[in-house]
Structure formats: C-alpha cells, structure tokens
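> Listed here are the chains, written in short residue letters.
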Amino acid sequence: DAMVIQNPRYQVTQFGKPVTLSCSQTLNHNVMYWYQQKSSQAPKLLFHYYDKDFNNEADTPDNFQSRRPNTSFCFLDIRSPGLGDAAMYLCATSRLVAYNEQFFGPGTRLTVL
Amino acid sequence: DQQVKQNSPSLSVQEGRISILNCDYTNSMFDYFLWYKKYPAEGPTFLISISSIKDKNEDGRFTVFLNKSAKHLSLHIVPSQPGDSAVYFCAASTANFGNEKLTFGTGTRLTIIP
Numbered sequence: 001d002a003m004v005i006q007n008p009r010y011q012v013t014q015f016g017k018p019v020t021l022s023c024s025q026t027l028n029h030n031v032m033y034w035y036q037q038k039s040s041q042a043p044k045l046l047f048h049y050y051d052k053d054f055n056n057e058a059d060t061p062d063n064f065q066s067r068r069p070n071t072s073f074c075f076l077d078i079r080s081p082g083l084g085d086a087a088m089y090l091c092a093t094s095r096l097v098a099y100n101e102q103f104f105g106p107g108t109r110l111t112v113l
Numbered sequence: 001d002q003q004v005k006q007n008s009p010s011l012s013v014q015e016g017r018i019s020i021l022n023c024d025y026t027n028s029m030f031d032y033f034l035w036y037k038k039y040p041a042e043g044p045t046f047l048i049s050i051s052s053i054k055d056k057n058e059d060g061r062f063t064v065f066l067n068k069s070a071k072h073l074s075l076h077i078v079p080s081q082p083g084d085s086a087v088y089f090c091a092a093s094t095a096n097f098g099n100e101k102l103t104f105g106t107g108t109r110l111t112i113i114p
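Those protein sequences? They're chains A and B, same order as listed. Note that our numbering has the first sequence beginning at 1, numbered continuously upward. Note that our numbering has the second sequence beginning at 1, numbered continuously upward.
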C-alpha cells in the first residue's frame, strides 16, 4: 500500500542533543510537510517542500531545519532540542494540485529529557 | 491567532444517533475545508472536504455543511458507530495554487457510547 512512513515512532533525546526525524513516502507526491503538534493543540506547520523548493514558516524557530534529498525522503533536524520541543511531529504529503488533501504519517513522539 | 476554531474539546453521543461536530473560522480567504479523523498513535486521515462553492457535501454516513456567511462548518455523522470514536480536526486552506497550506483547529474528541 502507498503510504507515509515515519521513523522512529518514539524518540527520546537529551536537552541540547541534536536529533533527526525521518519521513519517507511511496505516494510519489511533490509536496512534503512537517508539522509539530503539542498536546490538545492544533498541528502547526513548520515548513514544506515543493519538490526541492523549501518553504519555511515565518515563526518556525531557527533550531528546526529540514532536508529533502530526493522525492521520497524528508528529514527534520532539531539542532539543540529544548524542553519546549517535546511534541508529536507529523509528516504529510500531497500532490501539487489545488484543493488536494494531505496524507499523514503516524508521527514521531519526541521526548526531551 | 487561532484562525480555525473547534470550541468543543469533546463530545459524547450514543451509538446510532447523530454526531454533529462544529468548526468556525475567521479568515474569509479560506475557500477549501477538510475534516480529518485521528485515532490514538496514528496520523490524521482525511475524511471529507468541501469547497466554498458548495454548501453541502455528502459521503456515506458523513456530511459536511458550510455556511460561508457565518464562517461556520459542521460535520454530521449518522448513524454514529463505535468505530467513529476518535479526534476530529477541521482544517482550512486558501485558493492559492502552489501554496496549499492547511490551518487546523484544535480538534474535538468524539466518543460513541454503545
């Protein structure tokens, strides 16, 4: 089945220790998104890629970076995680057409100690 | 600034009855609206959508209604089933081709009581 895969599902890191979350997709979608979702809050868009064209949200902290080496893979790098970065991180994909839904992966739950 | 609001954090409905989930938005530029369903430990899955040129869209047991003048949409599930117990997110986007970003509400947890 075509899908969006996120690894790992659970990640524990120490305060200030860099961490990388990964996302892969078999849908061959042009667009990939990274969202942060904290408890009882709405998913918040961090950035997205149209193919290799990177688009950062204005309020995404510099601590968060992303890489998309090819169509299938996208990475979220948190350079110096703080306690406030503990959250669920969701990857999503969509086709580059108007009025199209996004397909989400299962998410990675990040814990910062 | 919460542009998409789901004011009911939770809702309990008896099996077989109608579930109505509500969503309000403030940005008049939004013209495409989606509902996502989320089970624990899974990502959101797309449920149903509606564009602003319509006021109703139906898919099986699920119907979404849009009232543009009130900036309000609702999701009706009838009849409600135990498998419908999940968190439901309302999302909105603008007609900006190449910039299809979704703005989400905070979700409503629906519990279907057998």
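Rather than coming from a laboratory, the hints here were simulated on the basis of the structure. Given the structure is predicted, the values throughout are model-derived calculations rather than measurements. Mixed in with the good hints, there may be bad ones.
Derived lysine-lysine pairs resembling DSS-like cross-links, with alpha carbons at most 25 Å apart [stated by the list, open to error]:
1. B:LYS5 / B:LYS54
2. B:LYS5 / B:LYS71
3. B:LYS54 / A:LYS38
4. B:LYS101 / B:LYS71
5. A:LYS38 / A:LYS17
6. B:LYS56 / B:LYS68
7. B:LYS71 / B:LYS54
8. A:LYS38 / B:LYS5
9. A:LYS38 / B:LYS56
10. A:LYS38 / B:LYS68
11. B:LYS54 / B:LYS101
12. B:LYS101 / B:LYS56
13. B:LYS5 / B:LYS56
14. B:LYS68 / B:LYS101
15. B:LYS71 / B:LYS56
16. B:LYS68 / B:LYS54
17. A:LYS52 / B:LYS101
18. A:LYS17 / B:LYS5
> All hints are to be evaluated individually against the structure, with a verdict given for each.
Here is how each hint holds up against the structure:
no. : hint               : in the structure
1   : B:LYS5 / B:LYS54   : 21 Å, holds
2   : B:LYS5 / B:LYS71   : 11 Å, holds
3   : B:LYS54 / A:LYS38  : 33 Å, violated
4   : B:LYS101 / B:LYS71 : 19 Å, holds
5   : A:LYS38 / A:LYS17  : 20 Å, holds
6   : B:LYS56 / B:LYS68  : 11 Å, holds
7   : B:LYS71 / B:LYS54  : 13 Å, holds
8   : A:LYS38 / B:LYS5   : 16 Å, holds
9   : A:LYS38 / B:LYS56  : 32 Å, violated
10  : A:LYS38 / B:LYS68  : 30 Å, violated
11  : B:LYS54 / B:LYS101 : 21 Å, holds
12  : B:LYS101 / B:LYS56 : 22 Å, holds
13  : B:LYS5 / B:LYS56   : 20 Å, holds
14  : B:LYS68 / B:LYS101 : 20 Å, holds
15  : B:LYS71 / B:LYS56  : 14 Å, holds
16  : B:LYS68 / B:LYS54  : 9 Å, holds
17  : A:LYS52 / B:LYS101 : 17 Å, holds
18  : A:LYS17 / B:LYS5   : 35 Å, violated
Of the numbered hints stated above, those contradicted by the structure are hints 3, 9, 10, 18, listed in ascending order.
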